[in-house]
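**Q** Taking the working numbering, the leading residue of the sequence shown gets 1, the next gets one more, and so forth.
Hints in this document: simulated from the structure, not taken from any laboratory.
It cannot be assumed that every hint is accurate.
Stated by the list, open to error - Calculated lysine-lysine pairs in the DSS-like style (CA-CA distance at most 27 Å, straight line):
(1) K174 x K220
(2) K231 x K248
(3) K248 x K166
(4) K232 x K166
(5) K174 x K248
Claimed, not checked - Restraint-style ranges between C-beta atoms, simulated for each label pair:
(6) A134 x L202: 32 to 38 Å
(7) G83 x N178: 25 to 31 Å
(8) A184 x D48: 18 to 24 Å
In this text, all values refer to a predicted model and were calculated from it rather than measured experimentally.
Glycine included, every Cβ here is placed at the ideal spot set by N, Cα and C.
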Amino acid sequence: MNRLKVILSFILIFTLGSTLAHAEENVLSEEQYEQILIDAGMPQALIDNMDFYDKQFIVENSSGSDLQFDGYSESAYAYNTFGELAPVVTPPPGVVTPFANIPSTDLVLTMFHFVTTYNGVQLHDIYGTFEWLANPHQSTSISYYGIQNDHIGMAVPADWEIQDDKYACATQYKNIGNGNVWSAPSSAGCNDDDGSPVEDELYGSAWEFGGNLTDMPATKYKGTVKFALEKKVSTATERAVIKYSQSKPLGGVFSTSISFGPATVNFNPSIGTNDTASADISW
Numbered sequence: 001m002n003r004l005k006v007i008l009s010f011i012l013i014f015t016l017g018s019t020l021a022h023a024e025e026n027v028l029s030e031e032q033y034e035q036i037l038i039d040a041g042m043p044q045a046l047i048d049n050m051d052f053y054d055k056q057f058i059v060e061n062s063s064g065s066d067l068q069f070d071g072y073s074e075s076a077y078a079y080n081t082f083g084e085l086a087p088v089v090t091p092p093p094g095v096v097t098p099f100a101n102i103p104s105t106d107l108v109l110t111m112f113h114f115v116t117t118y119n120g121v122q123l124h125d126i127y128g129t130f131e132w133l134a135n136p137h138q139s140t141s142i143s144y145y146g147i148q149n150d151h152i153g154m155a156v157p158a159d160w161e162i163q164d165d166k167y168a169c170a171t172q173y174k175n176i177g178n179g180n181v182w183s184a185p186s187s188a189g190c191n192d193d194d195g196s197p198v199e200d201e202l203y204g205s206a207w208e209f210g211g212n213l214t215d216m217p218a219t220k221y222k223g224t225v226k227f228a229l230e231k232k233v234s235t236a237t238e239r240a241v242i243k244y245s246q247s248k249p250l251g252g253v254f255s256t257s258i259s260f261g262p263a264t265v266n267f268n269p270s271i272g273t274n275d276t277a278s279a280d281i282s283w
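Generate the whole structure from the sequences, applying the supplied hints.
**A** This is how it looks when you write it as structure tokens:
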């Protein structure tokens with residue numbers, strides 16, 4: 001009996017050791033994630049602006065093999081004198097703007113397009129990111145700072161099929177409490193915390209941010225959502241759009257309906273109001 005216990009204990013220890021070693025082998029370094037993106041054709045300048053978690057999110061959520069970078073777009077927004085989000089207008093090349101008139105940026109939306117292969121089928125991975133460079137204020141009251149009840153949606157034209165098993169969503173935050181370092185991405189900040197959208201239709205998908213992401217002054221936030229597309233008609237327009245909706249609660253309550261059309265995302269608040277920001281990408 002004692003001999004059997006010793007043998008079983010040895011087998012258990014060996015199995016656990018092998019499992020842990022295998023798990024450690026699957027953890028890539030930042031340099032390895034970066035090399036995968038470089039091999040995919042992503043410009044070094046873009047990679048240099050990404051932190052470890054940004055690189056990891058794209059690589060780990062790739063829909064298939066043979067990852068290929070195929071473009072990006074970016075839009076910037078800032079609060080105007082009325083406290084509303086408005087597009088940042090940059091001067092054309094060669095035009096000198098007095099420093100005092102250079103607009104600040106409070107919110108940046110970025111879209112990335114990658115092409116992958118899954119079971120012999122070409123898929124298009126679309127990543128939409130938001131980053132608050134300022135502390136997002138949902139009202140003039142300090143009680144409504146943060147991104148709770150904010151939404152982000154992405155949509156495509158006709159003749160594309162959104163893959164319903166290849167969604168992803170994660171948020172991050174930083175403040176003085178965590179040393180002003182971005183937290184690890186967590187899908188818990190997305191209301192459907194497995195990364196799935198709260199609304200998905202033929203033309204688009206939308207995610208809602210919630211949980212404890214409110215009442216935190218001097219906190220900044222960023223997040224990434226992703227869906228995968230299959231082109232069903234060869235002549236389909238190659239375009240995707242993203243829209244961010246910042247909630248403006250009424251008495252602490254906010255509610256909105258979400259709808260989609262071809263390459264269109266609509267947020268229609270029934271309680272409270274909202275500001276929106278958008279970006280699009282073509283390939």
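**Q** For every hint, state whether the structure bears it out.
**A** So, going through the hints one by one against the coordinates:
As the CA atoms of K174 and K220 are separated by approximately 6 Å, the hinted pair is consistent with the 27 Å bound. Between K231 and K248, the direct Cα distance comes to roughly 37 Å. Violation of the 27 Å bound is thereby established for this hinted pair. Between K248 and K166, the direct Cα distance comes to roughly 31 Å. Violation of the 27 Å bound is thereby established for this hinted pair. For a cut-off of 27 Å, the pair hint linking K232 to K166 stands: about 17 Å separates their Cα positions.
Taking the CA atoms of K174 and K248, the gap is about 22 Å. The hint holds against a cut of 27 Å. Here the CB-CB span from A134 to L202 is close to 35 Å, well matched to the stated 32 to 38 Å. A hinted range of 25 to 31 Å holds for the C-beta pair G83 and N178, which are about 27 Å apart. In this structure, A184 and D48 meet the distance hint of 18 to 24 Å, their C-beta atoms being roughly 21 Å apart.
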